[in-house]
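Chains as they are written, first to last, in our numbering: chain A, 58 to 409; chain B, 58 to 409; chain C, 58 to 409; chain D, 58 to 409.
Because the hints were derived from the structure by calculation, they are not lab data. Quick caveat: nothing in here was measured; it's all calculated off a predicted structure. Incorrect hints may have been included.
Note that identical chains are pooled: a pair holds if it fits in a single copy or bridges any two copies.
Below 27 Å or equal to it, Euclidean Cα-Cα: the simulated DSSO-like pairs (lysine-lysine) are [to be verified]:
no.	residue 1	residue 2
1	K286	K259
2	K374	K286
3	K192	K374
4	K230	K286
5	K286	K192
6	K230	K374
7	K259	K374
8	K230	K259
9	K192	K230
One letter stands for each residue in the lines below.
Protein chains: 4
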Amino acid sequence: MTQDTRQNFASDNYAGACPEAMHWLAQANASGHEPAYGEDRWTQRSTDMLRRLFDIDCDVYFVFNGTAANSLALASLCQSYHSVICSPVAHIETDECGGPEFFSNGSKLLVGESTSDAARLGKLTPDAIGSLVTKRHDIHYPRPKVVSITQATEMGTVYSVEEVRAIAWTAQKHHLKLHMDGARFANAVAHLGCSPADITWKAGVDVLCFGGTKNGLPIGEAVVFFDRKMSEDFAWRVKQAGQLASKMRFISAPWVGLLENDVWLRNAAHANAMAQRLYQGMCALPGVQPTHAPQANGVFAQLPPAAVQALHTRGWKFYQFIAGGGCRFMCAWDTQPESVDALLADMRDVLA
Amino acid sequence: MTQDTRQNFASDNYAGACPEAMHWLAQANASGHEPAYGEDRWTQRSTDMLRRLFDIDCDVYFVFNGTAANSLALASLCQSYHSVICSPVAHIETDECGGPEFFSNGSKLLVGESTSDAARLGKLTPDAIGSLVTKRHDIHYPRPKVVSITQATEMGTVYSVEEVRAIAWTAQKHHLKLHMDGARFANAVAHLGCSPADITWKAGVDVLCFGGTKNGLPIGEAVVFFDRKMSEDFAWRVKQAGQLASKMRFISAPWVGLLENDVWLRNAAHANAMAQRLYQGMCALPGVQPTHAPQANGVFAQLPPAAVQALHTRGWKFYQFIAGGGCRFMCAWDTQPESVDALLADMRDVLA
Amino acid sequence: MTQDTRQNFASDNYAGACPEAMHWLAQANASGHEPAYGEDRWTQRSTDMLRRLFDIDCDVYFVFNGTAANSLALASLCQSYHSVICSPVAHIETDECGGPEFFSNGSKLLVGESTSDAARLGKLTPDAIGSLVTKRHDIHYPRPKVVSITQATEMGTVYSVEEVRAIAWTAQKHHLKLHMDGARFANAVAHLGCSPADITWKAGVDVLCFGGTKNGLPIGEAVVFFDRKMSEDFAWRVKQAGQLASKMRFISAPWVGLLENDVWLRNAAHANAMAQRLYQGMCALPGVQPTHAPQANGVFAQLPPAAVQALHTRGWKFYQFIAGGGCRFMCAWDTQPESVDALLADMRDVLA
Amino acid sequence: MTQDTRQNFASDNYAGACPEAMHWLAQANASGHEPAYGEDRWTQRSTDMLRRLFDIDCDVYFVFNGTAANSLALASLCQSYHSVICSPVAHIETDECGGPEFFSNGSKLLVGESTSDAARLGKLTPDAIGSLVTKRHDIHYPRPKVVSITQATEMGTVYSVEEVRAIAWTAQKHHLKLHMDGARFANAVAHLGCSPADITWKAGVDVLCFGGTKNGLPIGEAVVFFDRKMSEDFAWRVKQAGQLASKMRFISAPWVGLLENDVWLRNAAHANAMAQRLYQGMCALPGVQPTHAPQANGVFAQLPPAAVQALHTRGWKFYQFIAGGGCRFMCAWDTQPESVDALLADMRDVLA
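Isolated chain A, as found in the complex (with noise of 0.2 Å):
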């Protein structure tokens, strides 16, 4: 292992891929010709895994990032002309280089103005998804359609089953659909410590974009309906969006070892293991200010500039979100307390 490896916490998407990812895939590979777009027996198999895992009949498609994942989601929920509600910080509308306007043809993603503790926290609350559905009903602005969440946060929150609830209620009050954006589905349920069913189609969730590359697989999404009535012709979708791996397996194989025996969640329970271990020592270190414990696998904390800067001449790796200081320090599946106690350590240092 290389001196990147350990000092990496730019981003949990640097991690390569579990070794029981890796075993499937090699697993798919050695069964020589098969099927191709997703006929195949892995792609069978990895669905009805998710199928017993969310506790319903659901529709799957495995895509190849989230950027995807999310963009055709939204887009099979509403028209160039709708809208959809998301939060100021969410990954749809700070960075996809416009993805979901492009792959919509324009639908317009609506920022919601949450109460500063919920902004603060990331979340997007009922009360600005209101706010924002009633402003308006005529034709010269794009009707809201959907609401989309980010489970966890982008700003390492989780929502609440309860959060989830109230929004999926205030959601379904105004006729929207609930787009839940899972790039780090696995860590919110693992912090959640609920039932995947429980936090998505039983709290209101329509479609959820689970995340699996984050969670240690080599490449590869899979965007989950609930309600298979949403997903009609989704298929042709995909295949018209350049979605459609023909070698399927490659994406779908792996996914078989991140759902056996629950690797999935143990993955990101170590990853916000991690998380916390990091929080932990840092609340310990003066002039280090975490903005808010984490919940997932991100930690966020105000650093004076030269202590950043001194961390990077180091060699750690991490993004700075904000003028003045504010880092963010992501923990990923395979990162190992050593390296979180040599980054406190050199915290230490570089404050001294």
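Please arrange chains B, C and D on chain A, whose structure you already have, making use of the hints.
Leaving out everything else, chains B, C and D in the frame of chain A:
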């Protein structure tokens, strides 16, 4: 190896990944953490290898599949109110579910009517192009901006260097760009015995979609711009369109396996040889009428409907495209001579 | 009246606006301020008149031109990964510069191959539709969702009520919607002598684009949804697509002029009669071979190239569509019998 | 004149067409047949008049409305993965129902945060632009390519020549094009007293959408490209997007009426003067707090909610944009001083 493998001539994408690709995929994972989105060492390495292969400082983008590679390349060469000239059997016209029209937001594909000989071989001719370009100049007709040819063609034939040059000359005369759908580019080069540069940029090709999947990769194609001026901001296009892998190394590292030691060429040459073996065998079978001699890895032939039915019953997989017994038999990088011989034996049987 | 007017048979949209349309346009202006975006009295009035005309509580949208009317209607009936079945000479296929593909973000037009007789008359047949729908069901092919027919056709012919019914029956059998491009709908009704309801919703048409411009309006077409469930949120679609006139009354008021006292039908009947007069005259001319008897307002005929040239030299305007002398002569709501006779006289001259 | 007319301050597009526009519309009809699609004499004439007005050989396209003018102009300046910088109150952001995103297939609008003073006046500042452009350079964020300013602004203010120059300078520094939404361009020029060239291309504007509708046309806007290199193939874009009028003269001829004898400027100056008259009167009314002095044809003011309600009850039409009594009063080319005075009298009454 299961029966499936031995009996598949349906598509070259039923094949798995070749050992060399799998080796580098595993290697890429072994390195632990790597920067995401293509900032990793494998992406750099395979890109450099492609530049050496094509003997030019080209701009290379790795995307997930052929639909996306072709659609994004075409979209970058024209606007929605332009059109793309292709053959009636072009994959972009018949099998992308409107992908090119989707990514370009409406560019129309204009099907060129080649002479019957060229049409039979799946080729577009300079005359067909010229005829479409000069037919109309009014604004009610989407202005042609691109010519797209498939190399090797969908009919298992290969454009000679002279043919590509003639097409490029016609394209340039009419201010059209030349796109090459190279889903089976390796098979074409293996047949021609020329250098990749000779049949692409030296012959006037502007953009090549170099197919990796059918050549032995698990997933992935490369979009190669020979003129960097044409690829301005293409990275943003790829990102927005959901084709930027976060863990890019899992797409790019297997390319190292293909490119090192000319595995790509060996894989293709093997598939071509299997097609020749099948074709030669079929020529000796009364009742089987090959449409034309294969130059790449697919054999097209007329068989009596009863024979087709009998072969399917015996477990042989292949596609029928034309009413009355027109069949396609595809060979892959891993097709075994024994499989070819077994198919020929069964053909003889069912025709007896 | 200038020479231009008398000698134009190029297109029925070279004609101006009829007096009745201009009268109401002026009236609408005389009222001073009016609410914008269709909340005015003229929009209400012309909409109600259309409802009475079609004898059903239809949903009506006034848009600026035929490209937009057809494209928006089609886009509302399908998604980008669906397809629209039409004839090879359909205006949406040949003369909208990819408008339908643009507004739908990529829906492909599938050209139906009718029997030679129907093809010659510019008609789509149930068999051609059935053949396209049943040809493929795989996801690599955009799923047919809509049939579009042009009434009157681009070849100056008219579908009978029975023919439309048969097409609608086929469409329904395959779960396709039926769109009617009625750029010359008035000419078709004038020919058939039936009620507008008989040839539209009673025959199975879902959406009609009722052409006003060629019928005597300065600007404007009406999109008529006979089933209001299909027009959900269509007002938003129209707005986003730049087709909502702020001073809507200037589009809608002239419709009052067309609809009052059946001016629309009188205008169309006159144009049709002029076409008949021209056709009858041409039948008597040796050297002129009308392709088929006109049913609407266009005459198609073969003339010797030298004669075509000579007529153009004499100032006559008309289009040549086919190599070797295939010509189209269009009559408008204001074409004068004297113009027809003068054209016939010149034809006789140049053929002598 | 009905009560409606006298009491409308809701929007300047409630007004009808001015006599000069109607005159030329009628003239254009009187000529009988004219070539379609802009090949007519009126289109040529009004285009030439615009070239003289702007003192440059610009490229002019007449389209139906402002949504289309702005959206098509912006789409021609960027690709789907680019972004457009505008103010938070820009019409393209708040009132086009996602039109710019639709026509560009996904270009994101980035809202610039100007200083509170500029923001209050509805203006974008060079600093706000610079801040957005330099904020991020990564491919997860749509690359800024265009700055769009509205002249006059949505808050009834006008950018000075120096302000436009400063914005253009910033735009050029960052390789951005400058688009001017001139729905009320005439009002701005009337206020500034400069030449149209001074405030557009000489100040660095690349494309102007010159609003005709609010200035006294029945229908229509002009897209003016000052640099012809930027308008390559724009005619095809217009056609595909459903913005090419077949009987174009009915759009272009009324422009002759506006441009001849500077009617456009007189109309605008009158509307501006009515706004001044209203503003002066309101300043003398205790209880009414104008937000800022108007420079164009709209007055913005705070009124007590009860007064707003009472005015509405008396039949006065105007929009409330902000909770607590923020109101907008728009004057048109035909607003009468008597109407202004009657409104002021009623204000005094209800505030008493």
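Each hint, compared with the structure:
1. K286 <-> K259: within (17 Å within a copy, 30 Å between copies)
2. K374 <-> K286: Answer is neither: 44 Å inside a copy and 33 Å across each miss the 27 Å cutoff.
3. K192 <-> K374: This pair counts as between: shortest inter-copy Cα distance 20 Å, intra-copy 42 Å.
4. K230 <-> K286: So K230 and K286 pass the 27 Å test inside a copy (20 Å) and across (21 Å) alike.
5. K286 <-> K192: Answer is between; shortest inter-copy Cα gap is 26 Å, intra-copy 30 Å.
6. K230 <-> K374: For K230 and K374, neither the intra-copy (44 Å) nor the inter-copy (32 Å) Cα distance is at most 27 Å.
7. K259 <-> K374: neither (39 Å within a copy, 43 Å between copies)
8. K230 <-> K259: within (17 Å within a copy, 37 Å between copies)
9. K192 <-> K230: For K192 and K230, the Cα distance is within 27 Å only inside one copy (15 Å; across copies 38 Å).
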